[in-house]
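Asks: Here is what each chain is made of, one letter per residue.
2 protein chains.
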Amino acid sequence: MNRLLVASVATLGALASLPAAAQFQKPEDAIKYRQSVYTVMANHFGRVVAMAQGKVPFDAKVAADNAAIVADLAKLPFTAFGEGTDKGLPQRAKPEVWKESAKFRAAADKMIGEVAKLDAAAKGGSLDAIKAAAGAVGQSCKACHDDFRAEKPL
Amino acid sequence: MNRLLVASVATLGALASLPAAAQFQKPEDAIKYRQSVYTVMANHFGRVVAMAQGKVPFDAKVAADNAAIVADLAKLPFTAFGEGTDKGLPQRAKPEVWKESAKFRAAADKMIGEVAKLDAAAKGGSLDAIKAAAGAVGQSCKACHDDFRAEKPL
Numbered sequence: 170m171n172r173l174l175v176a177s178v179a180t181l182g183a184l185a186s187l188p189a190a191a192q193f194q195k196p197e198d199a200i201k202y203r204q205s206v207y208t209v210m211a212n213h214f215g216r217v218v219a220m221a222q223g224k225v226p227f228d229a230k231v232a233a234d235n236a237a238i239v240a241d242l243a244k245l246p247f248t249a250f251g252e253g254t255d256k257g258l259p260q261r262a263k264p265e266v267w268k269e270s271a272k273f274r275a276a277a278d279k280m281i282g283e284v285a286k287l288d289a290a291a292k293g294g295s296l297d298a299i300k301a302a303a304g305a306v307g308q309s310c311k312a313c314h315d316d317f318r319a320e321k322p323l
Numbered sequence: 170m171n172r173l174l175v176a177s178v179a180t181l182g183a184l185a186s187l188p189a190a191a192q193f194q195k196p197e198d199a200i201k202y203r204q205s206v207y208t209v210m211a212n213h214f215g216r217v218v219a220m221a222q223g224k225v226p227f228d229a230k231v232a233a234d235n236a237a238i239v240a241d242l243a244k245l246p247f248t249a250f251g252e253g254t255d256k257g258l259p260q261r262a263k264p265e266v267w268k269e270s271a272k273f274r275a276a277a278d279k280m281i282g283e284v285a286k287l288d289a290a291a292k293g294g295s296l297d298a299i300k301a302a303a304g305a306v307g308q309s310c311k312a313c314h315d316d317f318r319a320e321k322p323l
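Keeping their order, the protein sequence lines are chains L and G. Sequential numbering of the first sequence, starting at 170, is according to the working numbering. Sequential numbering of the second sequence, starting at 170, is according to the working numbering.
Hints listed in this document are in silico derivations from the structure and should not be mistaken for laboratory results. Hints may contain errors.
Because identical chains share one entry, a pair is satisfied inside a single copy or across any pair of copies.
Here are the simulated lysine-lysine pairs, BS3-like style, with alpha carbons at most 25 Å apart [said to hold, decoys possible]: (1) Lys195 - Lys224; (2) Lys195 - Lys321; (3) Lys244 - Lys230; (4) Lys311 - Lys195.
Turn these sequences into a full structure, and let the hints guide you.
Replies: Structural data, given as structure tokens:
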């Protein structure tokens, strides 16, 4: 067992490209991380929206699976808006993210709450409930984007 | 209720920037999506690795939370390697991804299996078990990268 552990730890040591000690070693890492989370979230939310809009046939399991992914991801980006992460890569977070951090946090919490409701609605399997919850999620996205996201990369 | 639904659907209609009808409307969308999934996965796996390497103090709950995120994400990128997604954005997937698709799929399944074991180990809370499982995950990442990922963007 000890030998196996040594081999495993040696393998871990080879993973030099991974973030290790700190959550984000550089501001660029935090920016790339949060942008990536939003990209994946938007994709999976979009799949639910497509069903809510009737653009693709409603499939309760697909809706529930996608809403669950959105719920898993919703809390993640807000760990990555630390001080000093306003610069480092082209990105659209306005200075207000840091200047009005309580308001930004409230907007984030609103989205997280609406996403949890969408997850619950999708688990319930009612398309009407999903439509209503997805609309509320979309409004929470838009409200935060209006205040905190620039039209073009800064 | 009907009025609320109409309002919700109108809100959904405003979300024009979201992917809607198709899973990925353009090859660029698929490439950006899969790269984003890997970015988020690598970050959370890195947090487990940091504990396995003793670079940050072991916290069983943090390890379990992060391993669960990795497990949630592990299956996602492989929906985004469809035909025609080898070009569109700078990216490192070698032509072998499509030329040797069964081998690529096997490498993906290997990683997904090792990540599931890491998730189980982390839920169990034993640092030794996490070290061994994280080492196996790392080897499965490296094996696939060796065969299917270029050193530099293609």
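Asks: Hint by hint, which ones does this structure get wrong, listed from lowest number up?
Replies: none
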